[in-house]
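Trainee: Below are the chains, spelled out letter by letter.
Protein chains: 2
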Amino acid sequence: LKGQKPVYSNRGMTLEQDINITNQYYQEQNMAVIHKKPTPVQIVHVDYPKRSAAVIKEAYFKQPSTTDYNGIYQGRYIDFEAKETKSKHSFPLSNIHTHQIEHMRQVSHHEAICFLIIRFSSYQETFFYPVERLFTHWDQQFDGGRKSIRYETIQKEGYIIPIQYHARVNYLDIIDKYYI
Amino acid sequence: LKGQKPVYSNRGMTLEQDINITNQYYQEQNMAVIHKKPTPVQIVHVDYPKRSAAVIKEAYFKQPSTTDYNGIYQGRYIDFEAKETKSKHSFPLSNIHTHQIEHMRQVSHHEAICFLIIRFSSYQETFFYPVERLFTHWDQQFDGGRKSIRYETIQKEGYIIPIQYHARVNYLDIIDKYYI
Ligand SMILES: [Mg+2]
Ligand SMILES: [Mg+2]
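Protein chains in written order, with my numbering: chain B, 99 to 278; chain H, 99 to 278.
A portion of the hints provided could be inaccurate.
Claimed, not checked - Label-pair ranges, simulated between beta-carbon atoms: (1) GLN140/B - LYS186/H: 31 to 39 Å; (2) PRO162/H - HIS207/B: 25 to 33 Å; (3) HIS187/B - GLN262/H: 49 to 57 Å; (4) LYS254/H - GLU182/B: 48 to 56 Å; (5) GLU250/B - GLN239/H: 53 to 61 Å; (6) SER219/B - LYS254/H: 52 to 60 Å; (7) VAL153/B - THR196/H: 20 to 28 Å; (8) GLU230/H - SER220/B: 46 to 54 Å; (9) SER185/B - TYR221/H: 57 to 65 Å; (10) GLN262/H - SER150/B: 42 to 50 Å.
Derived from the structure by calculation, the hints contain no laboratory data. Just so it is clear, CB atoms sit at the ideal spot from N, CA and C, and this is done for glycine as well.
Given only the sequences and the hints, what does the whole structure look like? Please build it.
Mentor: Spelled out as structure tokens, the structure:
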């Protein structure tokens, strides 16, 4: 099938671009509605020129207090964060902020399907990593544990996400298999 | 000043402020996790000064393609838009954008709990208005119907949201009664 053919030419694409294309495809196919949240910005000064659009003249990037993506699939609330690492050996926990962990704990408590999408760009491998396993490693780092999750651990505890032509990061496939 | 938000004399609080306080309360009480999405901004130019934070020097407000709020309550995906009107007689449909309607249709299709929160500031009355009823009025406007929804219609088809001390716009109360 054309749509099932693996793509090898996506090296120029960031994980975020791949996910956005995937989400657009899901939406067009009426499968799910998942959006990236806008980058949070602290607006300090805005000009309102006559006869033209307002121009933001001074603003700053804010630390995000939630994850990047959320939405709905088969009535279920979906919530995830996407992270890419160049490391060949491990995923550094410093890539995630404390308030993002807090957010993920909260939505998990309310029965969200919550996970990380982690890409090891050196291997061009993208993993679906359930947030419950992340919490364990996160907590252990404050108890003498590692400050990162080994590649081998993610291989073992996560699920490799199939790459397809339209659904370039087909994470709904993992949700179908293991959650719904 | 042009572009500045009006301040409502009665309580001094905008609907958005009331909802944000309500959501914070829900979160603290571990009842639900609902957030306002950041304002979407098109960033054109960023300065990276030495030894200090990046400054956005030119950016523009973008039309939002989704609603303002979403999140999770009792495992259900929640999605809504909040609108305030000064009109005593009706809610103008021009307050909602076409792509927001599209978004609400899509999430409704996937079984979201989706609604408007409409405040008539002249009466200090705030309504929970199910999106299915909005769709009817929206579609009728292109078929010779009104370009607004009468106050009396919203009274009849919607639910008045109780105002409480902490949960200032206690919309979960309506969801408990009519959805869950
Ligand atoms: Mg991110
Ligand atoms: Mg709005």
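Trainee: Can you name, in rising order, the numbers of the hints this structure does not satisfy?
Mentor: Those not satisfied: there are none.
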